[in-house]
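Sequence lines, in order, name chains A and B. Numbering-wise (the working numbering), the first sequence opens with residue 22 and increments by one. Numbering-wise (the working numbering), the second sequence opens with residue 22 and increments by one.
Please note that the accuracy of each hint is not assured.
Heads up, the list lumps identical chains together, so a pair's fine if it works in one copy or across two of them.
Stated by the list, open to error - As a list, the in silico SDA-like pairs of lysine to any residue whose alpha-carbon atoms are at most 20 angstroms apart:
id, residue 1, residue 2
1, K68, S38
2, K68, I46
3, K68, A237
4, K68, A286
5, K68, D205
6, K68, L58
Hints were generated in silico from the structure; no laboratory data involved.
So you can see what is in the structure, the chains are spelled out below.
Number of protein chains: 2
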Amino acid sequence: MATSVTLSDVAREAGVSLATASRAINGSANRTVRADLRERVLAAAEKLRYTPDANAQAMARGRTTSLGLVVHDIADPYFSTIAAGVSRAADDADLQVTLASTQHRPEREVSLVRLLQRQRARAIVIAGGRYDDEPTNAAMRAALADYRESGGAVTLVGQPVLDVDTVVVDNAAGAAALARALHDRGYRRPAVLGGPEHHLTARERREAFMDAFAQAGSPVQPAHVVTGEFTHDGGEAAMRELWATGPDVDVVFAVNDVMALGALAACRDLGVGVPDDLALAGFDDIFTLRDVVPPLTTVRVPLEEVGALATQLALEEHTGAPRRASVATEVVLRASTPDRT
Amino acid sequence: MATSVTLSDVAREAGVSLATASRAINGSANRTVRADLRERVLAAAEKLRYTPDANAQAMARGRTTSLGLVVHDIADPYFSTIAAGVSRAADDADLQVTLASTQHRPEREVSLVRLLQRQRARAIVIAGGRYDDEPTNAAMRAALADYRESGGAVTLVGQPVLDVDTVVVDNAAGAAALARALHDRGYRRPAVLGGPEHHLTARERREAFMDAFAQAGSPVQPAHVVTGEFTHDGGEAAMRELWATGPDVDVVFAVNDVMALGALAACRDLGVGVPDDLALAGFDDIFTLRDVVPPLTTVRVPLEEVGALATQLALEEHTGAPRRASVATEVVLRASTPDRT
DNA sequence: TTGTACGCGTTATCAT
DNA sequence: ATGATAACGCGTACAA
């Protein structure tokens with residue numbers, strides 16, 4: 022079975038030394054091998070169907086060619102779009118992507134990082150958002166510090182709370198701009214489907230939105246803020262919970278699009294017309310939105326670029342303090358929040 | 022920088038031999054190491070923050086712990102859902118998933134397989150559909166034969182045209198059942214957005230649908246079959262093309278949901294009411310459908326299970342002829358194809 | 001320019 | 001039960 026042809030076989034077949042065969046085949050920096058020998062080696066490799074062993078190369082060279090990507094759920098469009106960006110950038114850098122998924126269990130992140138460290142991944146991109154949970158963050162910090170001491174690079178997508186390079190999405194500015202835009206359109210009784218209470222991205226969006234609306238003179242009533250999971254089901258449940266209180270509300274902001282879609286489903290089910298009875302807005306501008314009726318107002322985050330940027334950042338040589346790459350967001354007003362003025 | 026602690030360091034620190042340290046740490050089959058020594062070793066490892074090198078282990082053991090997944094575009098919900106299934110199954114088997122994407126260029130598949138072979142991946146799951154393109158298929162067959170001779174296992178999701186284990190989705194039965202169901206609901210003037218002409222999955226669905234409708238007495242008019250890309254944009258373009266001919270049509274079947282969503286977008290844009298002016302159906306039942314209005318009729322394919330099944334199949338010991346695992350599909354009638362009788 | 005020989009970190013074989 | 005030591009497949013000083 023596992024009868025792999027090795028470089029020694031090729032060398033023997035070509036009648037040269039192992040070293041020459043190695044040089045001829047990887048053709049690295051010092052391309053110092055006579056043309057005819059090179060030909061012989063290549064021919065022998067072809068004939069024997071030689072396939073280099075990346076693991077052995079990694080050992081000998083002291084570095085691998087793989088990059089780790091940590092997500093919560095690859096089926097979630099948010100993560101899969103980021104993954105597409107990571108994949109493209111990794112490809113450009115001739116790196117393999119190792120996909121590590123927590124399967125919705127954030128506490129697994131630490132062990133995934135350890136796994137990627139065992140694999141000696143050159144870099145790790147962590148796409149899952151942080152929580153306001155110091156013990157967990159401390160564990161991650163420790164794991165990442167270990168990893169970085171061993172020579173690995175890390176980029177986080179989210180909040181800069183882990184002492185590593187971070188791609189920071191400007192959630193606060195986006196949410197505030199959205200709030201102002203909605204206020205300008207005449208909305209005065211906002212509600213928020215706020216996601217997990219301790220999820221930092223959710224919190225940033227939630228609080229910035231609330232602050233901006235308050236500043237505009239129409240504070241969100243405490244009863245009109247409901248927390249829940251950062252998922253479709255979570256959004257649906259949150260919307261039902263909100264509606265059950267018979268709230269005096271004219272616009273609902275879900276802190277991400279997936280939740281907004283869940284909320285929309287709830288509205289359909291509850292007989293609440295969007296936007297006639299209620300306006301609705303989300304955040305992220307995932308691709309899926311283009312297939313939804315009514316078109317959903319949201320704040321665009323260039324997810325694929327975020328993934329690519331995070332990857333490039335991780336791959337750049339760099340020492341010193343953790344860097345921050347800021348990504349701007351953009352309010353996209355659509356039919357789900359018509360002008361009421 | 023890259024100053025990794027090795028097992029030798031641990032052994033020295035614990036005052037035992039390399040061999041003992043190895044046995045103590047991996048605790049493999051022959052767990053023959055005295056308790057106190059084991060403790061010392063573990064303590065030393067902990068103290069030194071030792072992390073095993075998976076590459077070195079792979080070399081020594083002769084097998085890696087990674088599994089390759091080949092897709093066209095991880096951002097496509099079809100692939101990302103399959104990927105979720107693969108990820109879960111791989112996790113259960115303690116394998117890492119290496120994500121290899123063709124970035125929409127099917128001809129890159131061969132080189133991705135070679136890449137995964139270099140990496141000595143234990144198994145490869147290929148999720149992209151096949152084309153009726155013998156030269157390309159021959160190249161893939163050769164690459165996969167090489168890979169399998171070197172000890173790797175392969176499972177294909179799609180058509181059994183590559184001499185490897187294949188998870189076969191029963192496209193024909195599903196499409197035929199859909200056609201009959203539509204006919205039963207009173208539809209008599211069908212059209213087909215048929216995807217790429219030589220894409221086997223597209224073709225199977227297209228032809229089975231057409232055959233079944235013909236058998237029911239209402240053949241699809243040749244002018245009402247339009248080909249195009251297997252994407253959202255492809256579906257949109259195909260719908261526009263179809264509509265431009267002013268066709269006498271009462272139901273449109275798009276050979277996958279992503280295309281159907283594109284078609285739906287075109288309809289919105291063209292002012293064609295679905296389902297009032299035209300009924301619409303797709304295939305796959307991707308998650309996204311639950312957010313679309315009207316709810317789209319489709320044929321369900323259990324994508325996540327398909328991914329998991331493909332992975333399990335690849336991991337089972339097996340010799341002899343390529344196996345076939347058949348996956349049933351199920352017609353799901355929704356509001357986009359109301360009863361016209 | 002080519003070849004020899006050592007090292008990469010681990011497992012496994014074989015004595016002890 | 002434990003310890004030397006030889007693989008594993010390759011890259012690369014160093015020597016020739």
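Would you list, in rising numerical order, the hints stated earlier that this structure does not obey?
Those not satisfied are hints 3, 4 and 5.
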